[in-house]
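Q: Sequence:
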Amino acid sequence: MAVRRISSLILALLFLLGICQLTPSFSLLAGNETDRDALLAFKAQITNNPFGKLSSWNESSHFCEWSGVICGLKHQRVVELDLHDGQLVGSLSPHVGNLSFLSIVNLSNNVLGNSIPSEIGRLIRLRVLDFSHNMLSGEIPVNISGCVNLLNLSMSFNNLNGELPAELGSLSKLQQLFFSRNNLVGQIPSSFGNLSSLEMIYGTRNNLVGSIPDTVGKLKKLQEFSFGQNNLTGMVPPSIYNLSSLTILSLSFNQLHGTPPLDLGFTLPNLEILNFETNQFTGPVPPSISNTSNLNYLLIADNKFTGNVPGLARLRKLIVVSINENMLGYGEDNDLNFLYTLTNKSNLQYVVISDNNLGGKLPELLSNFSTELTHIGFGRNNIRGTIPTEIGNLVNLVALGSETNQLTATIPNSIGKLQSLSDFFLNGNKLSGTIPSSIGNMTSLGRVNLRLNHLQGSIPSSLGNCRHLLSLALSQNNLTGRIPKELLSISSLAMYLVLAENELTGSLPYEVGQLVNLGALDVSKNKLFGEIPATIGNCKVLESLHLEENFFQGTIPSSLSSLRSVSDLNLSHNNLSGQIPKYLSDFKLDYLDLSYNDLEAEVPVEGVFKNASATFIVGNRQLCGGIPEFNLPRCSATNTAKSKSSSKLKLIAAIIFGILGATILISVLLFCYFLKKKSRAMSQSTLTVPFPQVTYEDLLKATNRFSSESLIGTGSFGSVYRGVLEPDGVVVAVKVLNLLRPGASKSFMAECEALKNIRHRNLVKILTVCSSIDFQGIDFKALVYEFMVNGNLEMWLHPADQLTRLNLYQRLSIAIDVANALNYLHNHSQMCIIHCDLKPSNILLDRDMNGRVGDFGLARFLSEDSDQLVSNRSNQSSSIGIKGTIGYAPPEYGMGSEVTTYGDVYSYGVMLLEMFTGKRPTDAMFTDGLNLHNFVQIALPVRVMEIVDAMLQEDEEDESESEKSQTLECLTSILEVGVSCSAELPRERMDIETAAVELRRIRAILEETRVHLS
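In full-length UniProt numbering, the protein residues as written are 1 to 1014.
You may find that some hints are simply not true.
[What the hints assert, rightly or not] What follows is a list of derived Cβ distance ranges for each label pair: (1) Val-148 x Lys-964: 55 to 61 Å; (2) Glu-364 x Gly-258: 34 to 40 Å; (3) Thr-922 x Val-185: 22 to 28 Å; (4) Leu-262 x Gly-72: 50 to 56 Å.
I should point out that these hints are in silico values taken from the structure, not numbers from a laboratory. Glycine residues also receive a C-beta, built at the ideal position from the N, C-alpha and C atoms.
Based on the provided sequences and hints, a complete structural model is requested.
A: Structure follows, in C-alpha cells:
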C-alpha cells in the first residue's frame, strides 16, 4: 500500500510538472498571435510606405525580426515599436492597444492622420509615447492618463484640437510633456500642478487662453517651461519665479503683463533662456539678471520695459541679446554703458537694441565684440558718434543696422572685410565722406540702404562685384559722377535701385537693360543727360520707373513699349521732345507724369489718358487734343503758328469759361440730385468721384429686364448680369444686391468705400453705382463694373471641358497680377484695405488674360498703416461679420481673431496652390488633418510633378529634357511660395511684396529661356 501511494504521488507530481511546463508555452503562443495580429492591423492602415519601413512585415519571418519591432528576450513580446522618420502615410490602428507589453512607441516624423486611438490608454507598461511631427487630428484622448508609467509624452507638430485633458495631471511619473504646434484651445489645466516628476513642458504655438495656473509653482523639478505664441493673459504667477531649477522660461508672443521681480536673477539662478518677447511687461529690466551666469538667450523685445539696461558682464555664456522695441534709455550719454559689459563674450552672436530711446555715443569697443557675432541692430535710437574703424574685425556679421540715428564721420574702409554681410542699413544718419570702394569685397550683400545721409563722391564701380544684391538705396545724398555701368550689370537686383536726389551726371548707361529682374528704378532729381537708353525696354518686370527732374532729351524710346508691367511712370521735368507714344495708352498705368517737357502733337484719349487725375502733361506747350479736362487746344495745322501771347490769352479765357461752365454744370447737377432724391428716384452715387449716373430703368433695359440669359453669376449677396448701356453700347457687368440677405446693404457700402479711391490695373474697375427704388417702390442697389470678357479664374482652373485651359506662363502671370493688387491694397493705397474674400471666383480676367481682383463686399479698412508685425490691430471700419470663404479663410479667423493683411496672404497662398495643383482646398481628399497646404508641403521638392495639375503635366510631355528641368524648377519655386504664404501661423507667412518679387523672378526665368510659352 505504501509503495502504491508513493507511486501515485510521483505520478501526480509528474502531471503537475507537465502542466507547469506546458502553460507558459500556451500563454506565449497566445501572446505571439495577439502581437502579430496587432502589428498586421497597424500595417493595414498604412497607405504609403515610401522608405520601405514595413517591407519586412510579412509571413516569411517572425514579427520580432520585422524592421522597427523590438521584442523582450524572456517572453518574445513586442516591447518597442520604433518607426520614426519613415514618412508613413495612413492612420493609427486601435489594435496598437493590444500590444500590452509595449514600453516605447516612437512614430515621430511620419504623415499619420486621423485621431489618436483611445485604446492607447490600455498600455500600462508604456514609458515613452512619441507621435510628434505627424498630421494627427481630433482631441487628445482622456484615457492616455491610463498609461500610469509614462515618462515621456510627445505630441508636438500635429493638428490636434480641443482642450488639454485635465486627467493628464494624474501622470505622476511624467517627466517630459510636449504638445507644441497644434490647434489646442482652452486653458492650461490647474491639475498640471500635480505632475510632481515633470521636468519639461512645451505648449508653444497653440491657441491656449487664460492665465498660467499658480499650481505650476508646485513643480519643484521643472527645468523647462515654454508656452510661447499662444493667447495667454494675466500676470506670471509669482510662484513660477521661485522655481530655482528652471533653465528655460519662454512665454513669448502672448498678452502677459506685469513687472518681473527685481530679484529674478537670484530666484532663477540657473536660467539659460529667458524669453518674454512680444508681451506687455513693464518696469525695469531686473538688475539681478546678471546673477544668471548660465544665461544664453535674453529675449525681452517688443514690451514696455523702461529705465537703463543693467550690466551684463557676468553673463559669459550669452549668445543672443534682443531688447529692441521697448522704451529703454533716457536719451542720455550713459544709456549705452551696458554695451561695454558685452565685450569678451566668445559666444555672442546677436545683439539687437533698436527701437528704444537709447542715447549716448557708439562705443569704439564695438569692434571688440565676439567674432562670432552675426547680427547687430541699433536702429531708430538717438545714438551718435562714429562707426568704429575696426568694425571689420566682426568677420561673421550677416546683418548690420544702425539706421535712423545720429552717426557722423565716414564709413570706414575696413567695412569691406565683412564678406558675409547680407543686410547693411545705415540710412537716416549724418554720415559723410565717400562710399568706400572696399564695399565691393562684400560679395554676400543682399540689401543695402545708405539713403538720407551726407555721402559724397562717386558710386564705387566695385559694387558690381556684389552679384547677390537684391536692393540698393543711395538716394538723398550728395553723390556725384556717373552711374557706374558695373552696378547696372547686377542681374540679381530684383526689388529696387534708388539713386534719386543726388548730383549724378552723365548719361544713363545702356547696361541698365541688364536689370531684367528689377521691380523699381528711381534716378530722379539728378543731373543726368542724353537720351533715355533704348535698352531699358529689356527690364520687362519693371513696375516703377522714375526719371524726372534730369536733363534727358530726345524722344521717348519705342522700346519702352516692352514695359508691360509698369504701373508708375514719371518722365517729367526733362527736355524730352517728339510725340507722346501711342503705346502708353495700352499700359495699365496707375500714374503717368510727362509734364514740363517739349512734347508736341496730339494727346491720346485711351488708357490712362482718360483719367485726368492720374495723368499729368502740363508744361508741354505744343500738345493738343486729349480729353476736355486737359484744357488743350484742338489739333489743327494752325496750332503751331499761334503766338505765345495768343496762347496765354486763350488759356486764361479757357480757364475763366471753364470755371463758369463747371459752376453752372455743378449747379444743375445738384438741382437734379435733390429733385430726384425728393421724388425717390435715382440718388447720387455713393462714391465721391464723378462717375456717370444710371437709373434703375437704365439697368433694367441694359440687362433685358435682368433676364436669365443675361445672368453670368451669383454670389453671397446678389447676382451679376451682363448688360449693354445705352447710348454708347458699353458692355458692363451689373451686380444687383439682394437686399433681403442680411449684410447685403453693408456689403454694398463696403464695396463702394473700397473702390471709390483706389486705382490699380489689377483691380476690377467700377464704372458707377445705382442706389434707387424699382418700379414697385422697393429699394434697389447695384454696382456697375467694366465687363471682363474672359470670366473668372475659377472657370479656367476647373473647366467643364478640356478645351478651356491655362498654361504655366498664364497661371504665373495671373498669380503675379493678384499679388500686385494685394500689395497695392495693403501697402500703397490711401488706406490699408483687406479684401477678406480672396478666391478664384473673385479673380476676373480681361481680354488680355490679365488678372483683376474683384468683389470687395467683405473688405475691411485700417485707419492707419497696418503693422506687419502685429496681428491683432482692430479695423476701424468693418463691413460685416463674415470673414471669407471656407477653405480660403485663414485658421485664425475661425478663432475669432481680427482681420489682418496676413489673412489675405493666407488666402492668396491657398489660391496659388490651387492654381498649380488643380485641387480646391475643399476637395474630398482633404480629411483627417490633411489639407492643401500639407498636401503640397509633403510633396516638395521630390514629388512635385506628381501633384501638379494634369493639364500642366500634359503640356510638359511636348517639352525637351532641358525644358522639363526648367519647368520643374519653376513649379517647385512657385509651390514653395504658396506653402510659405499659407502657413498656419500668421507670423510665419511670407509678406505679399516678397511673394510678388519672387514670382516675378520666376517669370523672368521662364521668359528668358522659353519665350514660346507666352
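Q: A separate judgement is required for each hint: does it hold in the structure or not?
A: Verification of the supplied hints:
Distance hint for Val-148 and Lys-964: a CB-CB separation of about 57 Å, consistent with the stated range 55 to 61 Å. Look at Glu-364 against Gly-258: about 38 Å separates their beta carbons, and that is inside 34 to 40 Å. At roughly 23 Å, the beta-carbon separation of Thr-922 and Val-185 lies within the given 22 to 28 Å, and the hint holds. Separated by about 55 Å at the C-beta atoms, Leu-262 and Gly-72 satisfy the suggested range of 50 to 56 Å.
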